[in-house]
Amino acid sequence: MSEMLANPSKGHIEVRNFSLSYDSIEGPVQAVTDTQIHVKPGEFVSIVGPSGCGKSTLLNAVAGFLKPTTGIVTVDGERVNGPSAERGMVFQQYSLFPWKTVRENVEFGLKMRGMPRSQRERAARTLLGLAGLEAFEKHYPDKLSGGMKQRVGIVRALATGPKVLLLDEPFGALDAQTRVIMQQILTNMWQRLKISVLFVTHDIDEAIFLSDRVYCMTARPGSIKAEIPIPLERPRQQSMMMSSEFLALRRGLMSLIREESLKAMGGEITDMGMQGLNIELHGHSLADVI
Amino acid sequence: MPATAVAEAGPAPAAPPKTPPKTPPSFGTLALRWYRLNQGRLRATAIGIASLIAFLLVWHLLTTYRVVFFVRFTNVPSPLAVYASFTKAIHDPKFLMHILLSCRRIFIGFSLAAIVGVPLGLIMGRFKLVHEIIFPVAEVLRPIPAIAWVPMAIMLWPTNEQSIVFITFLGSFFPILVNTLHGMSLVDPVLVRAAQCLGARERSIFREVYFPASLPHIFTGLTVGMGVAWVSLIAAEMISGQYGIGYFTWEAYSLVQYADIALGMIAIGVLGLGSSLLIRGAGQLVMPWRST
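Line by line, the protein sequences are chains A and B. Sequential numbering of the first sequence, starting at 693, is according to the numbering used here. Sequential numbering of the second sequence, starting at 13, is according to the numbering used here.
Mixed in with the good hints there might be a few duds.
[As the list claims (entries may be wrong)] Selected chain A positions facing chain B (Cβ under 7 Å, derived; list incomplete):
1. F783
2. S787
3. W791
Worth flagging that the hints you see were computed from the coordinates, not collected in a lab. These numbers come from a predicted model, not from an experiment. For each residue, glycine too, the CB sits at the ideal point set by N, CA and C.
Whenever a hint applies, use it, and build me the whole structure from the sequences.
Structure, rendered in structure tokens:
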């Protein structure tokens with residue numbers, strides 16, 4: 693099955709000298725600056741950073757929705773010039789087509805490719821079976837829970853056999869319990885497919901649990917602050933999140949992010965004329981509680 | 013993905029509850045349960061019927077006693093008189109022809125408005141230049157009521173029939189266009205992106221995303237357009253028609269057939285209601301994902 697879904701020997705993402713700015717009345721605003729990242733074929737890489745740091749901007753540029761102001765994005769040496777079925781994407785808002793049933797949603801990419809109806813129906817059924825969703829193939833997305841919607845979203849993105857899978861805070865809208873289950877499902881799925889994954893999240897635990905490597909971004913304008921390899925063994929299990937190795941990684945990443953979050957927050961609060969608040973202390977005590 | 017992970021992961025709404033088999037409930041229990049489940053709807057239906065009966069009763073009393081209290085009911089026909097003229101009219105081929113002709117005008121005028129308005133709205137919503145060219149003209153013409161077009165329509169079209177259909181067309185055209193445009197402007201851009209990274213090109217995105225996403229608003233436009241089509245048609249028929257239910261109602265006034273005035277009005281109401289029900293039915297047929 694995995695051969696049908698993805699080609700493990702491909703999917704090398706390369707982002708070099710990347711910067712992206714957009715125009716505003718006050719002049720150009722730098723969203724992301726001087727960024728280099730890469731994802732090796734079959735690797736699972738996450739990007740974490742404080743909110744507004746441009747991590748989604750970076751992902752959207754890899755997807756082909758945004759053009760870099762400077763620099764270049766390539767997949768397997770080919771320059772990214774716009775969205776394509778080679779780069780499957782999963783969105784936080786699920787973005788299933790409400791007017792299509794679960795199966796029709798999964799079939800969509802195959803239909804666009806011109807696959808005949810009976811063939812793509814069979815393919816979609818097989819995929820839904822693997823995700824444990826065959827009972828819901830005729831349901832409309834409105835009738836599904838958030839977790840199920842996102843499973844359909846992931847299956848839909850994988851159905852065309854993309855070289856890479858891009859996920860933009862895919863579990864951000866789910867409740868804590870469902871999120872943990874979805875993380876396990878995703879890591880199991882990836883373990884089988886060995887597809888290259890670029891995963892954007894603000895959840896540090898999620899990033900560590902899933903990834904081979906984590907990029908940590910600075911506050912706006914975003915750039916790569918650190919690159920942290922995650923040497924935890926595979927396959928990953930939820931129980932590992934209590935291990936000292938995991939906790940050490942978490943502490944390290946947490947302090948990196950906290951620095952950046954405080955920078956971002958501090959800026960805002962100063963602007964609001966609220967220097968009197970001891971946010972430094974507040975930030976520390978908050979982090980210590982977590 | 014291993015099936016075990018999925019099994020423990022699924023929110024499992026499909027799992028059947030493991031209750032011991034019960035004896036089938038008696039008819040009495042079932043009836044009681046059905047009553048409890050449908051209580052609200054039954055209540056609404058009962059009150060609705062009672063309210064209609066009350067309306068007829070008040071009408072009957074006002075006309076029987078020829079009440080004059082600011083409003084004069086002296087010449088207003090009673091419900092029984094209207095019923096009598098109804099039983100006469102349904103055997104009268106002329107009355108049926110009036111109705112049929114009005115329906116034909118609505119059908120042609122409204123269909124043309126939908127055939128032009130929906131695609132134009134979709135294209136204007138998708139292509140900025142088309143929007144920029146057509147929108148100002150549409151905005152200037154839109155506030156002009158269809159009835160105000162009657163003299164112009166008579167000049168424009170060689171026959172009366174054509175000018176009435178044109179008025180009907182104009183009445184329904186703008187609500188359809190405006191609502192289609194509104195639907196296009198609300199299409200979730202994330203869905204367009206989702207389609208793009210599944211390999212969809214411009215044409216497919218239009219057919220598979222923009223069009224179905226706009227459908228609910230298109231149907232709002234069609235419903236509103238149908239209402240305005242009837243308003244415009246009746247006005248046009250009263251002014252320049254020779255046949256049609258609007259003409260029938262106006263003629264009844266001229267000929268002092270008071271019962272026929274009310275009959276014409278009720279016929280217009282029933283036809284209007286029927287046509288909007290048709291559109292609602294079509295909407296449910298075309299948008300199965302929206303029916304609960």
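Hint check results:
1. F783: Given a least distance of 6 Å, the restraint on F783 (chain A) holds.
2. S787: Result: holds, 4 Å to nearest chain B Cβ.
3. W791: 4 Å, holds
Figure legend: structure checked against the earlier numbered hints; every hint is met.
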